[in-house]
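Please model the complete structure; the sequences and the hints are all you need to start from.
Protein chains: 2
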Amino acid sequence: MKLYVIGIGPGGENEMTLRAVRALEQCDCVAGYGLYLDLIDGLLDGKERIQTGMTREVDRCTAARDAARAGHTVAVISSGDAGVYGMAGLMFEVCQEYPELEIEVIPGITAACSGGAVLGAPLTNDFCVVSLSNLLTPWETIEKRLHAAAQGDFCLCLYNPASKKRTDHLQKACDILLTVRDPKTPCGLVRNIGREGETYQLLTLGELRDTSVDMLTTVFIGNSVTEIISGRLVTPRGYRGV
Amino acid sequence: MKLYVIGIGPGGENEMTLRAVRALEQCDCVAGYGLYLDLIDGLLDGKERIQTGMTREVDRCTAARDAARAGHTVAVISSGDAGVYGMAGLMFEVCQEYPELEIEVIPGITAACSGGAVLGAPLTNDFCVVSLSNLLTPWETIEKRLHAAAQGDFCLCLYNPASKKRTDHLQKACDILLTVRDPKTPCGLVRNIGREGETYQLLTLGELRDTSVDMLTTVFIGNSVTEIISGRLVTPRGYRGV
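So the sequence lines, in the order shown, correspond to chains P and U. Residues 1143 to 1384 in the working numbering are what the first sequence lists, from first letter to last. Residues 1143 to 1384 in the working numbering are what the second sequence lists, from first letter to last.
One or more of the hints may lead you astray.
Identical chains blur together in the list; that is why a pair holds if it fits in one copy or across any two.
Stated by the list, open to error - Dumping the calculated DSBU-like pairs for lysine-lysine here, alpha-carbon to alpha-carbon at most 35 Å: (1) Lys1144 x Lys1307; (2) Lys1326 x Lys1286; (3) Lys1189 x Lys1286; (4) Lys1314 x Lys1286; (5) Lys1326 x Lys1144; (6) Lys1144 x Lys1286; (7) Lys1306 x Lys1144; (8) Lys1326 x Lys1189; (9) Lys1189 x Lys1314; (10) Lys1144 x Lys1189.
Treat the hints as calculated values from the structure; they're not laboratory data.
Here's what the structure looks like:
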């Protein structure tokens, strides 16, 4: 019995890999958050849908598992990559008592890569990916990681920078980075990556601290060598003689 | 004048996005490292090739820029993502004096995501990506970042863990992590991701320290909560009640 966990990338069908499209074609049941199912609606004709809300991930994965056990070929979809804050880990957890279920994870383009491409090339050297959501990770752990990223002069990509209830996490994160990083450090925001209404903005770390963002935004923070080249955010890798 | 920088993902056409395939179709000239051009040979019929060796990135990007200036529609391809240790940053650098060139970066699946999917879901929570190659980054900077990643309890994905000349970098990296991380920490290796002969291996951090790898290998190092679930490497995100 086969269960796919598929990363669909940031937007619609155009941002999926051929491998992901072909796996989805083989499924008769698809589980996902409603917004993400809508993004690939054209690929879901005639398929049963398991649709749950944003914070009902465990229910969704359990329902997908049970559908697979009942004989369906099931895809669980994540936006972006299936692994990076996606459903792949949780599927292994909920399926661990059912060795008859074969799980195949199909990767997708995560926001660090898709948003980076919109801005230029901010993550061309070593980087950290950190989620600012403390729903599943204690805020103290997040702060520890931000301090570590600052110490290591890592470029940063921040997922889930804010929600309706968490409005000051990005400001706190910037304050941690500002303890060691120049307020003029180039940064960028991308909203609705790969979707209708995609927008981006370049700004300094000092400006980012006082900027409001929402949960549809991905944040990029440069390191000590990140620069703006022809209006794009670029972290040079260090090729000499350019 | 249009210049695409395209991430082709880890393997062949199957791992590319539809967007990447369509952009490539519009190009009459394609620049890339020979191995990567070969991976997508079926898409390159009738196109001019700019092919240079592994360490000739500046020459390759300059030649691509000049071909675009001469009227060609050019794609520069990177394996994986175009941004993550890819050619996008360098293209912005070599094109900065030529504002008539419009650069579009098309993201691809980077090895952190494609290799993670092979192993399970090792990067489902916050993680760092670090290259162990000191060709372009001083080794002291790499060591500083490894220390920082260890302090932050980040999962790690290591690119370029070794080459013929650099045989002890992975051992040194493991020794840094072992100053704070349990030698039993689950880790994984994936070689030839998405290509013929793809293999993977799960092992502990202590075992990884004494393992030889090559430049076709991507290394994954778990954090304090990473575990083996049903033979797969998984970092739980922290959903409760599973």
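Evaluation of the provided hints:
no. : hint              : verdict
1   : Lys1144 x Lys1307 : neither (38 Å within a copy, 43 Å between copies)
2   : Lys1326 x Lys1286 : both (23 Å within a copy, 23 Å between copies)
3   : Lys1189 x Lys1286 : neither (44 Å within a copy, 50 Å between copies)
4   : Lys1314 x Lys1286 : both (12 Å within a copy, 24 Å between copies)
5   : Lys1326 x Lys1144 : between (50 Å within a copy, 31 Å between copies)
6   : Lys1144 x Lys1286 : neither (39 Å within a copy, 43 Å between copies)
7   : Lys1306 x Lys1144 : neither (37 Å within a copy, 40 Å between copies)
8   : Lys1326 x Lys1189 : neither (50 Å within a copy, 43 Å between copies)
9   : Lys1189 x Lys1314 : neither (44 Å within a copy, 51 Å between copies)
10  : Lys1144 x Lys1189 : within (16 Å within a copy, 40 Å between copies)
When the structure is compared with the earlier hints, violations turn up for hints 1, 3, 6, 7, 8 and 9 and for no others.
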